[in-house]
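Enquirer: Chain by chain, the residues:
Protein chains: 2
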Amino acid sequence: MDDQLPPADLPFQLYSDTEPFPLVMGRTLDHMHLSFESWGELNEDHSNAVVLFTGLSASSHARSHALNTAPGWWEAMIGPSCGLDTNKYFVLCINHLGGCFGSLGPATIDPASDKPYGPTFPPLTIRDLAKAAHRLIRSLGITHLYACIGASLGGMLSLEYAACYPDQVNRFISISGTGRTGPQSIAYRYVQRQVILNDPAYHDGWFYDKDERPTKSMAVARQIGNITYRSRQEWEDRFGRSRTGNGYSFGPDFQVESYLHHMGHKLAHHFDPNSFMILTKAMDLFSLGYGFSSYREGVARITSPNLIIGVTTDMLFPIDEQEAIHLALKNEAVDSQFLALDSLSGHDSFLVEVEFFANAIQNFLRE
Amino acid sequence: MDDQLPPADLPFQLYSDTEPFPLVMGRTLDHMHLSFESWGELNEDHSNAVVLFTGLSASSHARSHALNTAPGWWEAMIGPSCGLDTNKYFVLCINHLGGCFGSLGPATIDPASDKPYGPTFPPLTIRDLAKAAHRLIRSLGITHLYACIGASLGGMLSLEYAACYPDQVNRFISISGTGRTGPQSIAYRYVQRQVILNDPAYHDGWFYDKDERPTKSMAVARQIGNITYRSRQEWEDRFGRSRTGNGYSFGPDFQVESYLHHMGHKLAHHFDPNSFMILTKAMDLFSLGYGFSSYREGVARITSPNLIIGVTTDMLFPIDEQEAIHLALKNEAVDSQFLALDSLSGHDSFLVEVEFFANAIQNFLRE
Chain A
24 MDDQLPPADL
34 PFQLYSDTEP
44 FPLVMGRTLD
54 HMHLSFESWG
64 ELNEDHSNAV
74 VLFTGLSASS
84 HARSHALNTA
94 PGWWEAMIGP
104 SCGLDTNKYF
114 VLCINHLGGC
124 FGSLGPATID
134 PASDKPYGPT
144 FPPLTIRDLA
154 KAAHRLIRSL
164 GITHLYACIG
174 ASLGGMLSLE
184 YAACYPDQVN
194 RFISISGTGR
204 TGPQSIAYRY
214 VQRQVILNDP
224 AYHDGWFYDK
234 DERPTKSMAV
244 ARQIGNITYR
254 SRQEWEDRFG
264 RSRTGNGYSF
274 GPDFQVESYL
284 HHMGHKLAHH
294 FDPNSFMILT
304 KAMDLFSLGY
314 GFSSYREGVA
324 RITSPNLIIG
334 VTTDMLFPID
344 EQEAIHLALK
354 NEAVDSQFLA
364 LDSLSGHDSF
374 LVEVEFFANA
384 IQNFLRE
Chain B
24 MDDQLPPADL
34 PFQLYSDTEP
44 FPLVMGRTLD
54 HMHLSFESWG
64 ELNEDHSNAV
74 VLFTGLSASS
84 HARSHALNTA
94 PGWWEAMIGP
104 SCGLDTNKYF
114 VLCINHLGGC
124 FGSLGPATID
134 PASDKPYGPT
144 FPPLTIRDLA
154 KAAHRLIRSL
164 GITHLYACIG
174 ASLGGMLSLE
184 YAACYPDQVN
194 RFISISGTGR
204 TGPQSIAYRY
214 VQRQVILNDP
224 AYHDGWFYDK
234 DERPTKSMAV
244 ARQIGNITYR
254 SRQEWEDRFG
264 RSRTGNGYSF
274 GPDFQVESYL
284 HHMGHKLAHH
294 FDPNSFMILT
304 KAMDLFSLGY
314 GFSSYREGVA
324 RITSPNLIIG
334 VTTDMLFPID
344 EQEAIHLALK
354 NEAVDSQFLA
364 LDSLSGHDSF
374 LVEVEFFANA
384 IQNFLRE
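Those protein sequences? They're chains A and B, same order as listed.
To get our numbering, take the position in the first sequence, counting from 1, and add 23.
To get our numbering, take the position in the second sequence, counting from 1, and add 23.
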């Protein structure tokens, strides 16, 4: 059964579970494991846990620590006296079920076949990710979260977690997420998936034993994402019509193309295409109303005080979607606050405008 | 030399030219031909010609006629008493140089090799397209255009034509175009081209004699375009989160995905990928300031009265770009009008809100 575990050299903590784990769409995992990282100390009554849910492509490595000193993706946010203050909170960041950073996912060896699950990995929903995280959290003896927080996919997951476990989440923050995914956002992920599906190196998902990986298509899929992660105005200011100096070419010629080239190739080699397929699809399927007779009924499960944050230039989950979930929660008499950040950094603002988010998070958690 | 001509059964009129045609980026075509369609009659003093420049993927078949009764892409716009009134005007629609609808382009047989030019076709700019169109127009004995008009790529071309031949254009209309292409718009076309370049069936542009064409990548490239041609709000209203009923899949599952699937495959089989590469690149390179010491100097070539139209929901060439060119022209004391259409149809509004555009065009041409 060791085969199911992520490589031993990954500096993650590991939660492993052999209790059957039924999934929303019908299949059942007969074992499950999640990897995670943590900062700060769990206090005596286990009341200071803050769970951080990541976006689509980030790992649990949100901040450096003794076992992995590389800077994390939210390095300045987590630490003593930071936005997520490790003097006060036990901060826990979990690698999503279905992902490729040590949690059970398509690249994990299936004990039944002794090969990676690959495309046979079962369909997931955001609710499955929330339920898996809940098992891990309970296994640490945490019955109530001080808070959960996340941006993008993590923002959806914060909402869904609060909807699934309303009595176990004291408060939550959802950043640049949505209460239900809209058609334009689905469309972007659809074309990203088509790029991968069309790549002969993807081999319908059975590429693990091949010499060539579908990195070309992963790079392009990422580049499509990158367009939606920032804003047009930022790129006007940052790149304008500057050229690289390489001359006329269908490849990187303008500076913006060189940026995309770099961004695409950075992700292509460290993200599993099958995880990309399954997690983007989970994002498309996401609605708080999923499985309920109305969206409103799904929203009404949420009772915890919350802070919803959006960014005026977000193309992927535009700010009216964050405002809509805030208003839907207020409509259910839930204590909900809404912050609109006017930044040119678009969907990615949480990675850029760290000071704004640190202040907002600190103020909200302190209340 | 017959090899250079488009198939004889295409119901286009043809202009052929053996005068060397020097291109902006340095190479010279030693022959050139353009196909076109026309409606209405050229009057005695040749003063009633209105040239219509198409977008990237449209052919000259803007309206049905005796030789081709299929409805055109602007069927309701052209005809007796229509927006482009064929009782008054001789309306001429030209297939772009470099395109694939009968004009000289990458799919044309190169007499030097007896094979299609393919990827050896020289780099083009919007200025080359304007100069080629000018030769055709002069060959018809038209020294002054009553007007030129175009949307999207055609809107850029209207501007460029008026900049190259200010004394020969009495007025012009530029719809949903730009005076210079911005980085986000370049980024969309960059990823579209990467999709095609990565397709093994593209064979670096040498696919003409192969059994399989790079239709899969052309479909995806088109789908990326389709996202930018409409607006998020239109899709919210039109598709929302409706499913096809086919069930969970990485392909068409949501209605919006089914729409994209259909749109992509519609274009994939009738547009030449090499034309797509070369014309999208020409769009990226477009700036009225190209080759001048400043953008302003490039803009200042334009002297003809003009109407600039934009749409509030255009993602690809957002309305501030049309307003910017209008203001730049006013700044040069050019008689410029600006119309902002508040429509959910985005960049494609000219194909949807035909009545608005017909009225605007009629009013402007009548002045």
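No wet-lab data here; the hints were simulated from the structure.
Mixed in with the good hints there might be a few duds.
Given that identical chains are not distinguished, each listed pair holds provided it fits within a single copy or across any two copies.
[Stated by the list, open to error] SDA-like cross-link-like pairs, simulated, lysine to any residue; straight-line CA separation at most 25 Å: (1) Lys-353 / Asn-110; (2) Lys-353 / Asn-249; (3) Lys-138 / His-284; (4) Lys-289 / Asn-221; (5) Lys-233 / Leu-220; (6) Lys-154 / Ala-135; (7) Lys-289 / Asp-68; (8) Lys-233 / Cys-187; (9) Lys-138 / Phe-273; (10) Lys-111 / Tyr-231; (11) Lys-233 / Trp-96; (12) Lys-154 / Glu-320; (13) Lys-111 / Glu-257; (14) Lys-353 / Glu-259; (15) Lys-233 / Met-338; (16) Lys-111 / Ser-317; (17) Lys-138 / Val-377; (18) Lys-138 / Lys-233; (19) Lys-289 / His-54.
The structure presented is a predicted model; accordingly, all values stated were derived computationally and were not measured.
Enquirer: Run every hint past the structure and note whether it holds.
Expert: Tested hints:
1. Lys-353 / Asn-110: neither (32 Å within a copy, 60 Å between copies)
2. Lys-353 / Asn-249: neither (33 Å within a copy, 36 Å between copies)
3. Lys-138 / His-284: For Lys-138 and His-284, the Cα distance exceeds 25 Å both inside one copy (32 Å) and across copies (32 Å).
4. Lys-289 / Asn-221: both (21 Å within a copy, 17 Å between copies)
5. Lys-233 / Leu-220: Both: 16 Å inside a copy, 22 Å across copies.
6. Lys-154 / Ala-135: within (24 Å within a copy, 67 Å between copies)
7. Lys-289 / Asp-68: Neither, since 42 Å and 62 Å both go past 25 Å.
8. Lys-233 / Cys-187: neither (40 Å within a copy, 55 Å between copies)
9. Lys-138 / Phe-273: The answer is between: 22 Å across copies meets 25 Å, while 39 Å in one copy does not.
10. Lys-111 / Tyr-231: Neither, since 43 Å and 66 Å both go past 25 Å.
11. Lys-233 / Trp-96: Neither, since 31 Å and 46 Å both go past 25 Å.
12. Lys-154 / Glu-320: within (19 Å within a copy, 62 Å between copies)
13. Lys-111 / Glu-257: neither (36 Å within a copy, 46 Å between copies)
14. Lys-353 / Glu-259: Result: close only across copies, 23 Å inter versus 37 Å intra.
15. Lys-233 / Met-338: For Lys-233 and Met-338, neither the intra-copy (36 Å) nor the inter-copy (40 Å) Cα distance is at most 25 Å.
16. Lys-111 / Ser-317: Neither, since 39 Å and 57 Å both go past 25 Å.
17. Lys-138 / Val-377: neither (41 Å within a copy, 57 Å between copies)
18. Lys-138 / Lys-233: Answer is within: at 13 Å inside a copy they meet the 25 Å cutoff, but 36 Å across does not.
19. Lys-289 / His-54: Answer is neither: 32 Å inside a copy and 45 Å across each miss the 25 Å cutoff.
In this structure, the hints that do not hold are numbers 1, 2, 3, 7, 8, 10, 11, 13, 15, 16, 17, 19, in rising order.
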